Amino acid sequence: MQDALPALVLNSEALPPAIMNDTPPTPAYPASPASDEHLMLAFSKGSAESFNELFLRYKQPIYGFFRRRTADPHHAEELSQETFLVLLRAASRYEPRALFRTYLYAIAFKILRAHRRKAAFRATFFGHPSTIPDPAKQDATESGLWVRRAVEKLDRIDREILLLREFEQLSYAEIAGLLQLPINTVRSRLFRARTALRNLLEPSSAAAPNNAAPSAEPTASPNAAQAIPQKGIRL
Amino acid sequence: MSTTPHPIAPEEIMAHLDGELSLARAQSVSSHLDSCVECQAVVTSLRNTSHSLSSWSVAPAPVNTKFVEHLCADAAKVPSNLRRLIFEIFPSQRWKLLAASGVLVVLLITIAGFMGGRYDMSVRSSKLAAARRVAVDIARVNNKDGSREALESQLDSWSPPAAASANGSLGKLQAEEKAMKEVRDSYQTWIHNGPLIAHTVSLSLIAKDFDSSRASLDAILARHNGYSANLSVSTPQGAARSLQASLRIPAPQLSAALTELKSLGRVELENQNGEEVTQQHADLVARLKNSRETEQRLQAILTQRTGKISDVLEVEQEIARVRGEIEQMEAEQKNIEHRVDFATIDLKLSEEYKAKLDSPAPAISTLIHNAAVNGYRNVADTLLSIVLFFAEYGPILAFWLLALSIPAWLVWRRWRHATAAI
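The listed protein sequences derive, respectively, from chains L and W. Residue 235, in this note's numbering, is where the first sequence stops; the numbers in between run on with no holes. Residue 1422, in this note's numbering, is where the second sequence stops; the numbers in between run on with no holes.
Treat the hints with care, since some could be wrong.
Lysine-lysine pairs mimicking DSS-like chemistry, simulated, CA-CA at most 27 Å apart [said to hold, decoys possible]:
(1) LYS1096(W) - LYS1077(W)
(2) LYS110(L) - LYS1066(W)
(3) LYS59(L) - LYS1066(W)
(4) LYS1077(W) - LYS59(L)
(5) LYS1077(W) - LYS45(L)
(6) LYS1208(W) - LYS1354(W)
(7) LYS45(L) - LYS1208(W)
(8) LYS1066(W) - LYS45(L)
It is worth saying that the hints were derived from the structure and are not from the lab. It should be emphasised that the depicted structure is a prediction, and the values quoted were computed from it without experimental measurement.
Modelling step: build the complete structure from the supplied sequences, incorporating the hints.
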């Protein structure tokens, strides 16, 4: 079961990188012949094969990124396609100042925000958002659906930080850069999200975790963390 | 329940599990975890939560062969040599933007220059046409029929410059201009005065020695038989002195006088303007001649014919009206001729001021007092302005605030619901 664990567990044990459903291999993994950054640079110089390789590596992660954040799988597919088209057009401007996946998720995140803005505008002025039955139910297992519902109950920024950490495996600094939040805020919110999620998933142990937490240190409960100022970009 | 204090916060344990701690701190946390059961429970709890999340799987991405083909085709498009060259020269977007801006500026300057050239051509064409009209008018005024016929024949042989402007041929326009110049030159010999130009010059000077410049100005005026129509000297305390004058200099001596005036100090601004009043003068002369003839005919009627008293009075009234017109036109003619004979120079002479230490500075208490009074006035004026503004616009602002607040609140509420639902 170790290979199915998310990054948190894997990082702590210095095990090979996550092989989750849609998590791409990290650049340090020996299985990848060329790093993403090298492939992107090669593509910006005209190598189509490099782009195909990147597309194969990131097709599923990017689809998963949108699928977990949108109700409609068609929207997720369209937004994934848009992300790769933007990547294609912006290739000549690419500068390897950060990890490629950070760059790619930044593009995807901007596209997602634009999509949300448009959807909110349409819902405000032209009626309620589409009430199509959530197709994600068909994607997830019963336990997956339970997890999804629990995640939906989290605060929006907490949820986004949790997803970016758990599924996209971005570092705290990368998440802070993406959401324009201080890194300490990211850490606090991530802890709050994990605590809240644990309480939602294991209601019986809702009282236990705080007992398990060291008593002398400030315990980050969902209510206590409400005091965290609402900074950063609008999600 | 344990209340033992722990040196490591749960957040830090989480950061340790996420690999976000420094090596030294990670080692210390790790050694603490080995010995602390409570912290191990936190680790287990966090791992379980993370493990639960892994059950949220997503179906494989749908395969859209059309899109993949399109994407592959786009990716396979080898950048052209030009694009590669551009990328090599301008690797970043900023450089590309700078280069594009430069090209745009050059393009705009080129277009502006081209448009300016076209404008010059059209202006020159219109000036040539105006000159031709002036020449014909003056010929009409004169009664030297022989010369007039010769002039008319020369003018008729000259094609209008508008045609040259229309086909855009600068060479042809220049040829036409040359032809017109020849006509004008021949006409110069025919009329005795040539075109009438009223010159106006604006001159702004900065003089080091204001007093000597002032004396030299009077000398220049006397030397060139000019005079000052208006002159004012300002000598404020603690600031540069200045002189503003409207000088009248005989037109033939304008150039020489101007040269001497410029030697009084550093030229800061010079603007020369020449208004051609030939046509205006010619029209005036023609109308004056007609009015005089009319007056003569009326005088003849009055002396030679007899009739009723009312008719005689009517003729006298008509003579008085014509006489008034003649006098008005004569005054106008003299004014024009005076403007032509005497060029106008609007001179502004400023002193190059140097502050002097020995000049008495205002007392500090006076300055503070003045500043305080000004400050009080400013505050009072501002408060009064605010009160007046709200008195004038307050009701309408309140009305619109009330009128718009309800729809704005409704939209905001819908927006919140919409964003929460997405």
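Holds or violated: LYS1077(W) to LYS59(L), with C-alpha atoms at most 27 Å apart:
holds, 21 Å
For LYS1096(W) and LYS1077(W), compute the direct alpha-carbon distance and say whether it is at most 27 Å.
Holds: LYS1096(W) and LYS1077(W) sit about 21 Å apart, inside 27 Å.
Need the status of pair LYS45(L), LYS1208(W): alpha-carbon distance at most 27 Å?
Measuring from Cα to Cα gives roughly 66 Å; hence the hint is violated.
Taking 27 Å as the top limit, are the C-alpha atoms of LYS1066(W) and LYS45(L) close enough?
Within the cut-off at roughly 25 Å; holds.
Is the straight-line distance between the alpha-carbon of LYS1208(W) and that of LYS1354(W) 27 Å or less?
Answer holds: LYS1208(W) to LYS1354(W) is near 10 Å, not above 27 Å.
When you check the alpha-carbon spacing of LYS59(L) and LYS1066(W), does it fall within 27 Å?
Holds: LYS59(L) and LYS1066(W) sit about 15 Å apart, inside 27 Å.
For the pair supplied as a hint, LYS1077(W) and LYS45(L), confirm whether the alpha-carbon distance does not exceed 27 Å.
The hint holds at about 11 Å.
Hey, LYS110(L) versus LYS1066(W), does the alpha-carbon distance stay inside 27 Å?
holds, 25 Å
Hint 7 from the earlier list is the only one contradicted by this structure; the remaining hints agree with it.
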